[in-house]
Amino acid sequence: MNKLERWSGFISPQDIDRYQAAGHGADIGYGKRPALLNVDSHNLFINPKYPFCAALDPNALEMTIASITATFRHLELPIYYVRRDKRDHRVKMGMRNKRYETLRTPKNNDPGIAYDADADEWPASYRPKEEDVIVYKNKSSAFFGTPLDAWLRYDAIDTLVVCGMTTSGCVRASVTDAFALNFRVTVIEDGCSDLSEVAHRASLFDMDMKLGDVKTLETVIAELGQKFA
1 MNKLERWSGF ISPQDIDRYQ AAGHGADIGY GKRPALLNVD SHNLFINPKY PFCAALDPNA
61 LEMTIASITA TFRHLELPIY YVRRDKRDHR VKMGMRNKRY ETLRTPKNND PGIAYDADAD
121 EWPASYRPKE EDVIVYKNKS SAFFGTPLDA WLRYDAIDTL VVCGMTTSGC VRASVTDAFA
181 LNFRVTVIED GCSDLSEVAH RASLFDMDMK LGDVKTLETV IAELGQKFA
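Letter by letter, the sequence shown follows residues 1 to 229 in the working numbering.
It should be emphasised that the hints constitute simulated quantities derived from the structure, not laboratory data. One or more of the hints may lead you astray.
No farther apart than 30 angstroms at their CA atoms in a straight line, the calculated lysine-lysine pairs in the DSBU-like style are these [as the list claims (entries may be wrong)]: (1) Lys227 - Lys32; (2) Lys139 - Lys129; (3) Lys32 - Lys210; (4) Lys3 - Lys32; (5) Lys3 - Lys49; (6) Lys210 - Lys3; (7) Lys210 - Lys227; (8) Lys139 - Lys49; (9) Lys129 - Lys32; (10) Lys227 - Lys139; (11) Lys227 - Lys49; (12) Lys227 - Lys129.
Computed from a prediction, not measured in an experiment: that's the story for all the values here.
Please take these sequences and the hints and turn them into a complete structure.
This is the structure we're talking about:
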């Protein structure tokens with residue numbers, strides 16, 4: 001089954017023909033050295049106690065991310081964690097001052113973002129270890145205004161396996177920049193989530209057609225084991 005056949009039912013047969021004619025959907029595959037790029041999967045976005053939680057199935061998502069993390073550790077491949085930087089000033093918030101204006105209160109100058117110390121921590125099942133790299137960002141993309149590109153190249157990384165939050169937001173922005181910087185990208189479809197299933201599926205489809213490969217956890221684990229064990 002090719003990529004376009006996978007999406008039969010999500011898009012119309014006419015759309016499939018148009019994408020086929022335009023040459024979209026070629027497999028990218030893996031290069032010589034992959035890294036796991038875990039984008040914004042800290043508690044703020046996956047724990048239902050926070051209003052910013054965008055995990056449609058938090059338990060399943062955590063298990064998926066824990067599984068791919070364990071796979072990378074077993075294969076001794078690099079893991080990069082990405083999370084928001086501290087936005088403790090209106091300038092650091094930037095346009096988020098407007099985006100979250102309706103959530104702002106006199107006691108909450110960082111509206112809807114951090115409610116306690118645990119918000120920016122990762123679940124114990126896939127918490128970073130000393131050998132992992134943590135990237136702090138202030139915008140959607142893991143690359144924008146960060147040293148991530150330079151660090152990946154120093155680490156001889158040519159492939160990124162991506163999981164995290166949210167599919168249509170920071171994951172997609174990071175994948176777009178990764179593709180522009182000539183990295184091979186594989187997105188774990190059940191390792192991402194969004195506030196809306198529609199936004200989730202539409203973003204996965206676009207990334208699969210134009211930016212990289214979208215595959216299930218099971219497929220990615222099998223392929224990594226075959227190629228890098």
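Outcome of the hint check:
1. Lys227 - Lys32: holds, 9 angstroms
2. Lys139 - Lys129: Within the cut-off at roughly 24 angstroms; holds.
3. Lys32 - Lys210: holds, 21 angstroms
4. Lys3 - Lys32: Answer holds: Lys3 to Lys32 is near 23 angstroms, not above 30 angstroms.
5. Lys3 - Lys49: Measuring from Cα to Cα gives roughly 37 angstroms; hence the hint is violated.
6. Lys210 - Lys3: holds, 11 angstroms
7. Lys210 - Lys227: Status holds; Cα separation ~24 angstroms.
8. Lys139 - Lys49: Holds, because 23 angstroms separates the two Cα atoms, which is no more than 30 angstroms.
9. Lys129 - Lys32: Holds: Lys129 and Lys32 sit about 24 angstroms apart, inside 30 angstroms.
10. Lys227 - Lys139: violated, 34 angstroms
11. Lys227 - Lys49: violated, 39 angstroms
12. Lys227 - Lys129: Distance ~24 angstroms between Lys227 and Lys129 Cα, so the pair holds.
Hint compliance for this structure: hints 5, 10 and 11 are broken, all remaining hints hold.
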